[in-house]
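Protein sequences appear in the order of chains S and G. Under our numbering, think of the first position of the first sequence as 1152, with each following residue one higher. Under our numbering, think of the first position of the second sequence as 1152, with each following residue one higher.
Keep in mind that the hints are not guaranteed to be accurate.
Simulated restraints, written as ranges between beta carbons of each label pair [what the hints assert, rightly or not]: (1) G:K1784 with S:P1972: 36 to 42 Å; (2) S:N1437 with G:Q1605: 51 to 57 Å; (3) G:H1859 with S:D1518: 53 to 59 Å; (4) G:Q1605 with S:L1503: 58 to 64 Å; (5) G:N1594 with S:Y1358: 40 to 46 Å; (6) S:D1518 with G:K1784: 41 to 47 Å; (7) G:I1967 with S:H1859: 53 to 59 Å; (8) S:H1859 with G:R1696: 55 to 61 Å; (9) G:D1857 with S:Y1358: 30 to 36 Å; (10) S:H1191 with G:D1196: 55 to 61 Å; (11) G:D2043 with S:P1247: 37 to 43 Å.
Quick caveat, the hints were computed from the structure, so don't treat them as lab data. This one's a predicted model, so the numbers in the text were calculated from it and none came from an experiment. Idealized CB from N, CA, C, for every residue including glycine.
The chain contents come next:
2 protein chains.
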Amino acid sequence: MASGLQQLCVFLLFVVGEVLSFPVNQGAKPAVSCGYESCHATKPDMLNVHLVPHTHDDVGWLKTVDQYYYGDRNDIQHAGVQYILDSVVDQLIKNPDRRFIYVETAFFYRWWKQQSSATQQTVKQLVDEGRLEFVNGGWCMSDEATTHYSAVIDQMTIGLRFLNETFGPCGRPRVAWHIDPFGHAREHASMFAQMGYDGLFFGRLDYQDRAHRMREKEQELLWRASDSLTPPMADLFTGILPNGYNPPEGFCWDQFCDDPPIRDDPDLEDYNVDDVVKRFLAIAKNQATVYKTNHIIMTMGSDFQYENANLWYKNLDKLIHYVNALQAKGSKVNVLYSTPSCYLQELHRANLTWALKTDDFFPYADDAHDFWTGYFTSRPALKRYERISNGNLQICNQLEVLGGPVSRKGPFGEGDSQTMKKAMAVAQHHDAVSGTEKQHVANDYARKLAEGWQHCQVVVSNSLAGLSSSSAERIYCDNLNVSVCPLTESSKKFSVNVYNPLAQPVNWAVRLPVNGTAYSVSDAKGRSVDCQVVPVSRATQNVRRNRGFAVNELVFQVQAPPLGYTIYFVSLRQDGPPPASTQPRPPTVIKNKFLQVTFDPDTGLLSSLSNLETKQTIKLTQNFYWYNASDGKNMDSSQPSGAYIFRPNSSTPFGISRTAKTETVQTSVVQEVRQWFAPWVSQVVRLYTDSRTLELEWTVGPVPIDDHLGKEVITRLDTSIKTSEIFYTDSNGREVLQRRKDFRPTWQLKQSEPIAGNYYPINSRAFIKDDEDQLTVVTDRSQGGASIQNGSLEIMLHRRLLYDDFRGVGEPLNEISSIFPEGLVVRGRLLLSLDRPPTAADTHRPLAQQVVLQPLLTFTDGELNSNTRLEFSGLQAALPPAVHLLTLTQWDKDKVLLRLEHQFQSWESKRNSKPVTVNLQKLFSTLDVLGASELNLSANQWKDEMSRFDWTPQTDEKPLLKTFEDHSDWEVTLRPMEIRTFLLRVRLR
Amino acid sequence: MASGLQQLCVFLLFVVGEVLSFPVNQGAKPAVSCGYESCHATKPDMLNVHLVPHTHDDVGWLKTVDQYYYGDRNDIQHAGVQYILDSVVDQLIKNPDRRFIYVETAFFYRWWKQQSSATQQTVKQLVDEGRLEFVNGGWCMSDEATTHYSAVIDQMTIGLRFLNETFGPCGRPRVAWHIDPFGHAREHASMFAQMGYDGLFFGRLDYQDRAHRMREKEQELLWRASDSLTPPMADLFTGILPNGYNPPEGFCWDQFCDDPPIRDDPDLEDYNVDDVVKRFLAIAKNQATVYKTNHIIMTMGSDFQYENANLWYKNLDKLIHYVNALQAKGSKVNVLYSTPSCYLQELHRANLTWALKTDDFFPYADDAHDFWTGYFTSRPALKRYERISNGNLQICNQLEVLGGPVSRKGPFGEGDSQTMKKAMAVAQHHDAVSGTEKQHVANDYARKLAEGWQHCQVVVSNSLAGLSSSSAERIYCDNLNVSVCPLTESSKKFSVNVYNPLAQPVNWAVRLPVNGTAYSVSDAKGRSVDCQVVPVSRATQNVRRNRGFAVNELVFQVQAPPLGYTIYFVSLRQDGPPPASTQPRPPTVIKNKFLQVTFDPDTGLLSSLSNLETKQTIKLTQNFYWYNASDGKNMDSSQPSGAYIFRPNSSTPFGISRTAKTETVQTSVVQEVRQWFAPWVSQVVRLYTDSRTLELEWTVGPVPIDDHLGKEVITRLDTSIKTSEIFYTDSNGREVLQRRKDFRPTWQLKQSEPIAGNYYPINSRAFIKDDEDQLTVVTDRSQGGASIQNGSLEIMLHRRLLYDDFRGVGEPLNEISSIFPEGLVVRGRLLLSLDRPPTAADTHRPLAQQVVLQPLLTFTDGELNSNTRLEFSGLQAALPPAVHLLTLTQWDKDKVLLRLEHQFQSWESKRNSKPVTVNLQKLFSTLDVLGASELNLSANQWKDEMSRFDWTPQTDEKPLLKTFEDHSDWEVTLRPMEIRTFLLRVRLR
């Protein structure tokens, strides 16, 4: 039965006379039999072996995504995706029994648009008949350790949307397929469940976990991926593939493989059919002993395989023929072409109970000394740039909606958000933001993001011009983190537009490079704003190189309205006071009305942190260290540290310096203690007057390697908190999971790497706590972290390595650039908050969103036109604190996609962890919402048409299907950790 | 117009009421437009670039032919011909403009028989439309230096026959395509001309020759390939390809290549169309400067390419599109899909005159120290086994005809000659008999030949049983060369059937291993035959290892009738004389009534040779030496000697021993001087009583390498003949060419390898001469040889090398086997004749044929049945001495293929170098010839339908087309060096 997405039967949640629909495929269609209906029959009394022909096409890794597509630079790696799709389609046509799955829409989309309409029709028919099936179907197969959920949802959305609009329901993937990511995040499983997938398959998990699950037949399980969402909302059936994602040994028939083809011509030497069949049956029977049902799956493919699909299919045809021919002689093995969904359907039909899992699959180790925990931090600059780009894209999306059509074509030319959307989508790939690609590929990801931002800047400029009625030139300063902005450095009079993408107002500290010594700042209402000029730090002068020459920074706090902007005016004063001076010694204490921070006068290090409101104090020492990266030479194993792998050759990190040289700047706006640990490590401990968080701005690099030692640089916070070897990290920026040292929740861990084996990904926050105190660290990018000692929390900041780690990338992670030829310098911020545990989330949830979606500052030189609108908010009112505006983006001409998110877990805040209701029609200040339909999370299916397989866990009663109850009409209720996705028909007022 | 081969219009030379026809394709055919008619149009005012997509599929090299076909052992080399043909056909279908040529019928045939009839129909259509064109079309692309013309004609015949029977005229190749062989033999060109090819293209020639021809624009030329045949019978237009057989640099788009694909999507990075087009135009224009016409050819393919033809065609389609698109902007370059024949047609249309060449393209050097002259000798055992196998196959073919249907199915079971034909055909490949394959592949060729001979033995046994009316068990002794034959070693009474495949009677010395001391031998007429028992030599005991234990050899001369057999009877005598004893010292002289040979009593070496009939005497010293093979380490270049390359590191060979230890055996049948030079080099100088030739039976090996020096072992004949640095070698066993030291006939040679650069292939004979004396050496296999000093002739016998020579084979030529684990021992014979130059050919021509087609001895234990026919000749009478029966083989049920050859060059024999006439109907004694049609040499076209392009040489008037004048009816006249090919309809009497 064709789903309603294809027709005009659209579920309408809030009927206001408008009907929303997805684009509908044109033309008469033959009867379709795709999805589960198109599966080959199996034999109930036999062992059914599901052969799944597939290719794994990295959206960039050793080559750029473009090089992979075209098959360029085959000297690096032979791989050409255009040819894979050409070849597979040709081969599928030859035999209707054959099946293929395709995964990465970034590639498929590119290929599709180069095909003739005849080929497109052929492919549509293959899809309609289930012969070509899409699985996963996002733009890429995202990394799970270092991605932020917001960007993952976005990339899945654009991939699935393309499939939906091109193929209709037959193009909708039924299973998630994360065969390659290096460990698996619970939040990914939760998202997949909410996207409507019936199951997830992956290939990599800890080798001990695998062995345990093989013994227990628990390689197929039910993953309950949220502790807040009502089951089965975030339940996801999860299958662990038998051979990673490779074929069984001896059965790889790709052009890259050397396994013997089936030689079935009796006229030739070496007729080998009997041998091949015998080997296959042995493998199949052996595999069946570690799975539960009389169905097993074999992945027949691997990286960039099927460029010449004939090799695979010709031999698979023969394999199936000859193995099944033995059934006439009593064999009880039945082999068939299949897909993951067809296999999943058989598992579902088996109607068994499945082990329930509630934690995640981190960290991933493929051997005793081979923990894939280095990539949590690898390429910290790229990781930060990707995170900033996500914020910039959200702003671009929002302003495209708020500004209307003029955003895309306006006074600053033609802009688009698509370029940035695609750039961000490919950056989510598991060898992109993960930092595990070759250097030239990392450069290409960054270039793509920069290009996307160029396109978006036109949208932003056009939109802000429209909203503000000012077409004055708008200047972007993307290097403010290193105090570079030519305009502010030279201008005597300029304005700063502060756009806030959050649905709540924001306070933000602005720091602008200037060369004057005194400025006056006023806000949109003409009120004077306290501002201070402080000298640029030595660290900043070092790190900015010759990109800027400002001697001072102008610092002031701004406040911006929700989903809107405000403007501040800055003028140079001729007669102002001198800039703040630096004091050579640290104060014993810096404090504002919320926090007090003490320093050890002997070492210059932090010594305590107090929350003055809650009257709590902890001891807090913080310093920088480095692990000596193993070179693989004199150890228990030859595994070096590399882009993927973290392997210190000692569990004790080296200190950079026991003491810090310090300088202090204390002003009415900000107090800073500038710590200098080494020529390559410095930090500013910074407390803004109005802030409840302590900022640690670290600058690390160039990491010295003249001692020929690779270094993995960490900062460690040592506190008086009694952590009992437990700490907490978030999963993809959302729900928090507990981590216990040398412990895994589902099996008896044999710990072989006391440091690397305790590292976990931190996407936006980590915390340690006891009954009294919770110290939360909000990060500005994904990083690896651990708690090795009681009360301590360490975060890896930067890595510089001299050896490849033998996982394919073929380069040591030794980043240099034209600006930093002697080694990359990286700067970032950790934001610390100290709270009572029951209320800590009330601080860190909004704080983390502020870091992810930080305000965008744009500048205009000179005076503004007098009719400029100085302040704007797209919302009628700020949303409640629990509600995060996750997505607001133009869908098509008159529709926008909206995602509202409850950003608290059910247990973490007395105040905020409860249902909250939002009225969609009263949301926007400048948009009339004419209609709204709710969608699944990935926006490729109407919410009410979502119908997933139900699975029974072993250790829990079967959850009841939750029904959504919204109050009425336009009001939508969000429960903790819920994300609700709407397609709105809107009209600009 | 479809040629008559397809229809029933058959030219009938000798009408006797019978019409011969080729098999006709079944079924209605669409109108065909293949061959020259199917070529794409070109543009007369532009430079036309003919792109020729092709694959070069070695019929065995690094892998066996079966492994190549299936794509097995891809760990050695990625190559799978089945997939190439699959893929090319798929891709040709996609675009009617595309073209492909296929060369090796050994592979195509195998693929064809695995295809469905639907695919076969598709392929037929592609062939009929000229989109798939066969070039060359033999079973393989034969080697030119080490093959015998007889086997080359055979292998071409079976390949072309398959194409003809499968595809009709559209399957007939128009051009010969020898892109890879390592030097080019004039006799090959002659054969190709007589096979009806319009032209030949190849890729490899001496780098100096290439440079000269580029300067002179003589890379396209007219090769006059015979000094005996009337032009243009052996004239062949010859084109030298611009890049070997590879694509121009930067334009290889196969899966094995790394060149950038055409990236023409402006949405992607690195749009490179402009760059690609610019590079292509530059290459095309540059190439045009070294060729004569406004047409140039580019070979777009290489070894085993097009396994995924999509990569090639997709990019070629784009290249053609974008390059030709520039014509609208004034570009004068026109690119098109083409084939060698389409290119050749344009050269022919150009109506120019072409340089005339009458020598050959040996030796081949690709750099100053890189002479491909080692493979002339590489793998001497395989080369000998191939030569013996050729003789065995001819015998098998003949007896299949003479014996009638009972040969294929008779008292000894079912036999066939096909297996042996195919085994011999693949052995002609340019990495087979050449000795340049990997060891395991050489083993496979030998295995195939042995298997073929097993099948043939059944044919031979059945046929001889029929002809002789005796079904007694027939024993084959294939190891007589090392005195191993279990029957003769143990039997007291046995008979020897001597089958003579020549059309003239033969005298032959039989040596049988025995353990008795005296035997009596009688012939078919009951006459006693002089026989002698001589002790087995120490060298033979060494070389046979434990395969036999005979202490003596029984020696006697036999005479066998033409194309027939006779039987000799052997009985052990209890009362006979003791065997001949060996004398520890050499005689000063051994002689018979024809020859006298003297030895130096001090050294034990030969000292002179006299022909007693002509009363001529020469000084003749002969000894063994070895060149120290370069290891590539301390020389002008890093080139070592290897399977292909001969590179001594000094021009002075090391002597094995200045003197020989000798033993002498002198009997009434044979006189032998057994020389012992070293544990690994020995020789028997042997003079049979009735023989006009002196036999040197050499035994070399295991070549010692414990000194870590590779060795290339030669024997050198030093004579008093005044050679003026000239010697003579045959070309593929037929016409003889003059070789002059440090000289090439068509360019000024800069000699950089004084030894290796003077080596030439010897296929069956070499000679040195002056006005008085000609010393001819007839060899038993192909070998390399040179004349470095005045009066001397050296022949390389064996090679054992420790380094690979970087031409791809990837192994040192260091042969061992299970029988010779310490290194291969090789034995062979050189037959010397001393004559006056004007009559020398009268001796060496028949002598060489006797060695090529030596009698087959088969044995029967005990008494023969009394009604056994003891003698048989298939001929009514021996053919004249000038006429060689080259081919007699069953064609189909009632037809046989006959080739008659005039075996003398026009200048070499006063007696024999003149036309000779044979009456076909009076040829056979047991076959009635009912009809006869003359064919081209390769038997795939009626002779009178042969119509080749005519070409005008620069330096000679255009030859008139020769008309054949046969006397009448059944009489056919052969002129010097002519081969005439007939299809006879026959009936067994």
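To see whether the hints hold, each was checked on the structure:
1. G:K1784 with S:P1972: 36 to 42 Å: holds, 40 Å
2. S:N1437 with G:Q1605: 51 to 57 Å: Check failed, 41 Å falls outside 51 to 57 Å.
3. G:H1859 with S:D1518: 53 to 59 Å: For H1859 of chain G and D1518 of chain S the Cβ distance comes to about 42 Å; the hint is violated.
4. G:Q1605 with S:L1503: 58 to 64 Å: Holds - the Cβ-Cβ distance for Q1605 of chain G and L1503 of chain S, about 59 Å, lies within 58 to 64 Å.
5. G:N1594 with S:Y1358: 40 to 46 Å: holds, 43 Å
6. S:D1518 with G:K1784: 41 to 47 Å: At roughly 42 Å between Cβ atoms, K1784 of chain G and D1518 of chain S fall inside 41 to 47 Å, so the hint holds.
7. G:I1967 with S:H1859: 53 to 59 Å: About 47 Å separates the Cβ atoms of I1967 of chain G and H1859 of chain S, which means 53 to 59 Å is violated.
8. S:H1859 with G:R1696: 55 to 61 Å: holds, 59 Å
9. G:D1857 with S:Y1358: 30 to 36 Å: violated, 50 Å
10. S:H1191 with G:D1196: 55 to 61 Å: At roughly 60 Å between Cβ atoms, D1196 of chain G and H1191 of chain S fall inside 55 to 61 Å, so the hint holds.
11. G:D2043 with S:P1247: 37 to 43 Å: Roughly 41 Å apart at Cβ, these two residues keep to the hinted range, so it holds.
The structure does not agree with the numbered hints 2, 3, 7 and 9 stated previously, though it agrees with the rest.
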